[in-house]
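Colleague: In case you want the letters, here they are:
There are 4 protein chains.
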Amino acid sequence: MKQAAIIGGTGYGALELIRFLEHHPYVSISKIISRSEEGTEVSERYPHLHTVIKEEFSALDDKTFEHIDIVFFATPAGVAKDILPKIKKKGVQYIDLSGDLRINDGEEYRMWYGQEPPSQGLQKEAVYGLPEFYRESIKKAEIISNPGCFATAALLGIIPAVSKGLVDPENVVIDGKTGVSGAGRKQSLMTHFSETNENVKAYKMGSHQHTPEIEQHVSTLTGKNPLISFQTHLIPMTRGIMCTIYADLKRAESIHDVYQKFYENHPFVRMRPEGNIPQTKEVYGSNYCDIGIHVDGRTNKLIIVSVVDNLVKGASGQAIQNMNLMNGWNEQESLSVIPIYP
Amino acid sequence: MKQAAIIGGTGYGALELIRFLEHHPYVSISKIISRSEEGTEVSERYPHLHTVIKEEFSALDDKTFEHIDIVFFATPAGVAKDILPKIKKKGVQYIDLSGDLRINDGEEYRMWYGQEPPSQGLQKEAVYGLPEFYRESIKKAEIISNPGCFATAALLGIIPAVSKGLVDPENVVIDGKTGVSGAGRKQSLMTHFSETNENVKAYKMGSHQHTPEIEQHVSTLTGKNPLISFQTHLIPMTRGIMCTIYADLKRAESIHDVYQKFYENHPFVRMRPEGNIPQTKEVYGSNYCDIGIHVDGRTNKLIIVSVVDNLVKGASGQAIQNMNLMNGWNEQESLSVIPIYP
Amino acid sequence: MKQAAIIGGTGYGALELIRFLEHHPYVSISKIISRSEEGTEVSERYPHLHTVIKEEFSALDDKTFEHIDIVFFATPAGVAKDILPKIKKKGVQYIDLSGDLRINDGEEYRMWYGQEPPSQGLQKEAVYGLPEFYRESIKKAEIISNPGCFATAALLGIIPAVSKGLVDPENVVIDGKTGVSGAGRKQSLMTHFSETNENVKAYKMGSHQHTPEIEQHVSTLTGKNPLISFQTHLIPMTRGIMCTIYADLKRAESIHDVYQKFYENHPFVRMRPEGNIPQTKEVYGSNYCDIGIHVDGRTNKLIIVSVVDNLVKGASGQAIQNMNLMNGWNEQESLSVIPIYP
Amino acid sequence: MKQAAIIGGTGYGALELIRFLEHHPYVSISKIISRSEEGTEVSERYPHLHTVIKEEFSALDDKTFEHIDIVFFATPAGVAKDILPKIKKKGVQYIDLSGDLRINDGEEYRMWYGQEPPSQGLQKEAVYGLPEFYRESIKKAEIISNPGCFATAALLGIIPAVSKGLVDPENVVIDGKTGVSGAGRKQSLMTHFSETNENVKAYKMGSHQHTPEIEQHVSTLTGKNPLISFQTHLIPMTRGIMCTIYADLKRAESIHDVYQKFYENHPFVRMRPEGNIPQTKEVYGSNYCDIGIHVDGRTNKLIIVSVVDNLVKGASGQAIQNMNLMNGWNEQESLSVIPIYP
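Chains as they are written, first to last, in the UniProt record's numbering: chain A, 1 to 342; chain B, 1 to 342; chain C, 1 to 342; chain D, 1 to 342.
Hints in this document: simulated from the structure, not taken from any laboratory. All figures in this text were calculated on a predicted structure; none of them were measured in a lab. Where is the CB? At the ideal position from N, CA and C, for every residue including glycine. Watch out, some of these pointers could steer you wrong.
[Unchecked claim] Examples of chain C residues toward chain A, derived with CB under 8 Å: (1) E107; (2) V180; (3) H192.
Can you make the complete structure from the sequences, with help from the hints?
Modeller: Put into structure tokens, the structure is as follows:
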């Protein structure tokens, strides 16, 4: 049984890690770390875990990682890049759910995140944990940079079209819609019920930090370097992300087949039948990314709709998927959860 | 591997049965029956099951039950009582999720359900499937009448207090609050988004059909025959039931201990620590019934708050729990699902 | 034109005061006071007022009240009781929307509010601003203590039954349900979207500060001194309060007529026809309190359902109604707004 | 006092017409027509109008229009085009809120609406009721074709940019998001609470009937004939539409000024200050269309965000605005309603 530690134990990312790890046959949660809640029982703070979890939150100290095999960072931006170099040990696996290690270029990181970038050495060691594209590297990685929620939905949606030459990479518009839980448990006006309920809000105009992440992997995976127009919107729901992707068609035949084939060996990407467009609710609580496409002959556009649960395939579920691959386990271990509907 | 059939396959009850049965080690879903959808793939109607379920809906015919061991009725009121007598076979297990077999007295059934009651013979064979109170009978039953969602929350909340003499059984008020999915997939103004969103509605004034069900089992389990004031309210959410129960205290000491002890061997009832009151979201998607109590010394009332997910412990999860008991399997088989939070 | 000042200008109470005062024929908003936002344009903080309001927030200083005729306190508990004595001037009208002046007894205030009570002198001057019961005193008042949102719905619901001897005052249960905006704009976990959406939460178990307010006016208005069991619940919606009131019937005839007659000259209380029960959405954005009753012969209970918009009849609308009365204007001036439906 | 009749009296469009007409100084509602509800009191079907409206629904017969000056069609597609020719009288004003008269070209109407087009004669008489662009024609019109909700937000958002040469008209993408009330009161799975809550759904892929309406008026107003990529999404809220419009910049200077100037004499279009992007909630219940823009220098895109309340500026409010203009009244008469926030 491998021992796991979760840093940032009071956030929603940690809660979902706990949900999937609790039933995992080869991993046991050894530490749930939160400085502010040290000594509090996890189930006192999160009563939905009453009788499920007996652990207390613990603080980070010298002994924290003594017998730990896997460390998850479910922390806000800026934490992992400082802590990871200090605790890094040979043979331990690190999975960072934050954006700290996602941007290769230091300048670009500084611009989009407004913080000092991590050291180049650390950055280079990290493998981007999108298994559908980087499975083999993930299997050998020691540090995983877990993808952003929007980036996951956007990349899984657009990569087949760009890499197979179906669309012009130069004029892609991605309109993103997200539930509120993506903002975490930190309180702000944007997550205040009375402000967010019965409301749609466009936010981070042209400046969402997942933009360079999307562009970087379009570039790596397709050899093209397009600028992508990506705009995010807050929707009055807790979970779910939809990316509606608009691209100029270069050829219109067999597009559905190309997508179908592209993902046929990827259990967590479900290409929908022709004419069928996924809704966010249809992946609720699960690790699926569902994709549907519509060829609009009139305007010569391909419209791709890609949905994930932002806390699962967009965060913690994908982290578990990466952990399974890193350890040679079945990729679906503990993740074959059916979406909760309705 | 036992073979199961689900009648009423297009409703939400059926969806939740599928969610739990899909991973069950000893049961396989053999037929999902819906007259109106015969021949349609289940995943076409319910795309969240895409790649999960390959079956088609089938109609009910002479061969339907040939190799079936367990039959679930996830049908509206009035269907099971007519079909069950026609198909009943020795050795097959029947679990009715509707209210058809819940009321012992024919007259009372007629009054609250506005329909002809089932035959007395059938009625007498049926065991009320609330495992926390009738576990031993359930183990031997061939027909289970699965409890109503409100009745489950109400009975689990009030029975310890009445049976242990903590409160006066004569003056109990139960204020029930439910999400909209309890009304099923059938469309009506009450389930129309624009009418229900941003709204609380009191409905079925003094006439909810779970009232006699609650009274009947208070009577059976405690020997008292009180009339219970039970009023239901529709809340703008999909899942979740809360019963807030007000009762006159007869003694105030050790009440929490009594409850704690009452449920200590019941894995799906989670008595909360003193001072902790459950919320509906904290059981979302799970088979738990969570209970919290507050002793109001000022007014000499005991306030009991009991929550369930109406589609799980209030319907399909409890049906699976009953099935597990009837077959001598671990009561928690396939049901140890952690609530999805947030 | 009378000049009004609003203290506590950034809260939801202030927003609704602005909505009603903007079109008022005899009052002009002269100052909107917020220390933290001094110098900011109101419409910058609240863009829904863009082009409607040109004012800036101002701080409180010596000149603030120089030409002011009416002062509204839309402040949290504890502010008005400290400021009002310092600024009080002859001929100026004060309307306090907070709970500071609602509790006659200092000890009781201390217990329920956990703060030092206001001075007895100030307390005695304040008239409780529930026009349906205290209209004549309000007309002559200089200081109004504006009722609590729950207290408004509860008192308008129960007073006819108790004062006309229809029910036993000794065994009343009030189950209250409220939207989230009642908690104001201050952020907390209870108002955090992801925690509150798809959830019902019972809160302030047996300890809601509107309890003594309700009991005090039941006592004043009916001569009875019952203890009232009042429990509140948070509902995933922005606006709306419902009180479901359970009381033991003493007589069952003509109850509807009694209510109808009781409110026939009160334009903002709408007694519903027999068999018709109000929903919160049906008063959305308006100053109405709608009431429906159900006589449950079986259990000998009267069930009263009373609904208000917590920010209007439950706060700012009622404050304007009081202001109209204090100044001899038509009680409905600027308030005859039709509920927004759906 | 002019007399108005509303055909299609049970829908949400009719409810909002009633809300604005009730307080109108020059118009009185004379008939509210619904075949299915003939003889029922309006306030029985819609209790939020209890004590506000005494009228009954009436059926359409020979005498219906005897003393009527203004007729509103708040009917589903296909009704007005059949009835209007039969009842048309000199001197009566007709305002059709449905899409029947919006498409000039019969073939195009047939394609997008799947119905037979109205007669060419009728079609030519109808003036498109978007006052910000066609005010002078509206003043002289006898038949108004009231714009679609999405078309209103889209056209008010994009026309300044295209007509002033700020963007390339050939590559415009409009991502539309709407609340559920746009689908009316007719029940369907798409409006079923449990299916729509906690969900985003892309619908009418490339085939929304407001597409040709948008293209037609871009063409009329700018002389360009671009094909527009327009895709709609259903959001879990009752009211509100947002159009996020992506266009390729041709010049980046003074864009905000151009917009500001374009709408300076239009009281219901509120151009937001630079850097300020409107949210749907900020126009809730009001007749405003709020517009914000963001120049994305990086991708050379102009992003325009335009929001309306779909039932007000997107339907009934705009119909009243048109009525005011047709009769020479103040355009804002009865419409100067402040958005309800929160």
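Colleague: All the hints need checking, so say for each whether the structure fits it.
Modeller: These are the hints, each one checked on the structure:
1. E107: At 33 Å from the nearest chain A Cβ, C:E107 fails the 8 Å test, so the hint is violated.
2. V180: holds, 4 Å
3. H192: holds, 5 Å
In this structure, the one hint that does not hold is number 1.
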